[in-house]
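Protein chains in written order, with my numbering: chain G, 1 to 333; chain V, 1 to 333.
Incorrect hints may have been included.
Calculated cross-link-like contacts (lysine-lysine; reagent style DSS-like; alpha-carbon spacing at most 25 Å) [what the hints assert, rightly or not]: (1) G/Lys206 to G/Lys138; (2) G/Lys282 to G/Lys156; (3) V/Lys156 to G/Lys156; (4) V/Lys206 to V/Lys156; (5) V/Lys138 to V/Lys303; (6) G/Lys138 to V/Lys156; (7) G/Lys97 to V/Lys239; (8) G/Lys282 to G/Lys239; (9) G/Lys138 to V/Lys138; (10) G/Lys282 to G/Lys238; (11) G/Lys156 to V/Lys138; (12) V/Lys156 to G/Lys97; (13) V/Lys97 to G/Lys156; (14) V/Lys206 to V/Lys239; (15) V/Lys208 to V/Lys238; (16) V/Lys97 to G/Lys138.
Because the hints were derived from the structure by calculation, they are not lab data.
Number of protein chains: 2
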Amino acid sequence: MSTPQVVVAMDWGGTWTRTAVIDRQGEILWQAREPNPQNGTKEEYLSNAEKLLSNAIQQAGGPVAGIGAAVAGPVEPTTGTFFQPPNLMVLDGISFKALWEEAFQVPVWVGNDANLAALGEHYFGAGKESADKGHPVKTLFYVTVSTGVGGGVVDKGSVFLGANGLTAEIGHTMVDTTVDALQCQCGARGCLEAIASGTGIERIAKQKLASGGFPDSALAALDAGLVDSEAVCDAAEKKDSLALSILEGAVSALAVGLTNVVHLFNPDMIVLGGGVTDGLVKLDLLPEIDRQIRDRAMSELHKEFQLTSARLGDSVGLAGAAALVWDQLGVER
Amino acid sequence: MSTPQVVVAMDWGGTWTRTAVIDRQGEILWQAREPNPQNGTKEEYLSNAEKLLSNAIQQAGGPVAGIGAAVAGPVEPTTGTFFQPPNLMVLDGISFKALWEEAFQVPVWVGNDANLAALGEHYFGAGKESADKGHPVKTLFYVTVSTGVGGGVVDKGSVFLGANGLTAEIGHTMVDTTVDALQCQCGARGCLEAIASGTGIERIAKQKLASGGFPDSALAALDAGLVDSEAVCDAAEKKDSLALSILEGAVSALAVGLTNVVHLFNPDMIVLGGGVTDGLVKLDLLPEIDRQIRDRAMSELHKEFQLTSARLGDSVGLAGAAALVWDQLGVER
């Protein structure tokens, strides 16, 4: 019997769980989005997830090749066991793979959402676009610059997992070694996430405003509750100098982190996604990140990368979960 | 016909070329070392190398499974083509693989020496020791702290090559972002190599001494020509405070670079080799590097690594070249 032509994909985030039916080309044939139970019990989370998957399988209208799930937290790569997910601690130690293979009698694979976003962009996003133009990507480094800063690496078409599946944590690489480096929520100082994430940008803006030194900034006119990374990007679009200097710091920090990545992974493609990236794209700041990396790159061969923005938007987790199933099944796309 | 039981390995360094006959267990059955031609022509280098390989094949006394070569410079992974090797520019664009497969009629593989040192330690050094104790290594990050600082990554038993084979260049990751960060010979500022390499330590010591601020240091009593990283390590052994503070800086810089590596590659083993590492081992400074990394690591799973010193000493390049052949031939060791 030939392999079925569709998979069911799930993207289990902090707030929403999305499910979809996706074909080999990454086309989303059907999708749905449901809010997660709030502070639910383990049983509530699990029965909700099974209900969503059941529904998706029904929507597929025929056999599915497998289920792929992207989850927000560390996952043991072979068993698909959740490990102390910060937002879903009641699910610590659960193997979705074992549960759902039993429940649905199809192969199941589970991965960390940032890793799978990398895989999604590789097979169905920026990587595919490059391949279609005759430049197949060997090593893709994906960074999400959003509430936090995370990442994923795809090498020769598969996620690079390291020993425990916790690779590409560029958000917690050190990009500021000065004595007054900002403290990150991970406890260390000078992490990229503390400077370039949405949370980091918001915190820096609030601190600068609280210092009282920027009365002319458009941000100073806002209610403190409205000062967030989006407001900073909006003000920067209007050439607000405080906002511009905060984003300049984020751009430099990203460039330091990515230069390290270039020297360590030697990628031929870097893809930036996430909400803060959207803001940087609007302000046309990606070329400046690119320039700063190239300026520091140690050799011409290390400069053989493309830096680009993500193509898949909100669907990147679903696309990556689908790509994981096709990849594991060894199916040619 | 079954695969022959030995390979010929070559380690082509800046000063010496070593050749050896090595079995599947990594045992060196025969070896030789010859000085390289000085400022030779392309033809001189190549005929010298062929002569050494011929001799090694003869010493094998029977069929060899293949030839593996570790070379000091960037190598294109599939064709084995040298790319602008800083110390051997006349060999730019040469494919040893093509040349030697033609000349010797056995399969040939070529790799960068730091990458292959990682492979050697994985299969025949620290990685093997761990596997023999029941802890097979999944992801090994090797760092050579020597005249320069380089590295290699082995994941699931194979070298992680990235797009162009230029991965694990930890020496050129940024570990000092302060305004007075030292300039590296690569042109950038704040590289690990500028602080922790033998050359870096020597330069820092000479600058400190030239400032005249350390008349009591044992290093100040030395002829300037004798102040090098070894002298700094020797003085540190005698508790010289200048020497100790320079090495403290090197230790911190290594810890920053390796924390970034831990977050990006999630290795379960870090192996430090090279002459400067030998000095740090004598001073029992590896536990301090280990402590600083663990102090900053973002999660318990990221702390599941062993940090250890290299086992193979000068033979690491030969061992890695042999491991490359066995790995590529798919031979179980």
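Here's how the hints hold up against the structure:
no.: 1; hint: G/Lys206 to G/Lys138; result: 41 Å, violated
no.: 2; hint: G/Lys282 to G/Lys156; result: 32 Å, violated
no.: 3; hint: V/Lys156 to G/Lys156; result: 14 Å, holds
no.: 4; hint: V/Lys206 to V/Lys156; result: 43 Å, violated
no.: 5; hint: V/Lys138 to V/Lys303; result: 14 Å, holds
no.: 6; hint: G/Lys138 to V/Lys156; result: 18 Å, holds
no.: 7; hint: G/Lys97 to V/Lys239; result: 56 Å, violated
no.: 8; hint: G/Lys282 to G/Lys239; result: 13 Å, holds
no.: 9; hint: G/Lys138 to V/Lys138; result: 21 Å, holds
no.: 10; hint: G/Lys282 to G/Lys238; result: 12 Å, holds
no.: 11; hint: G/Lys156 to V/Lys138; result: 18 Å, holds
no.: 12; hint: V/Lys156 to G/Lys97; result: 22 Å, holds
no.: 13; hint: V/Lys97 to G/Lys156; result: 22 Å, holds
no.: 14; hint: V/Lys206 to V/Lys239; result: 18 Å, holds
no.: 15; hint: V/Lys208 to V/Lys238; result: 18 Å, holds
no.: 16; hint: V/Lys97 to G/Lys138; result: 22 Å, holds
In this structure, the hints that do not hold are numbers 1, 2, 4, 7, in rising order.
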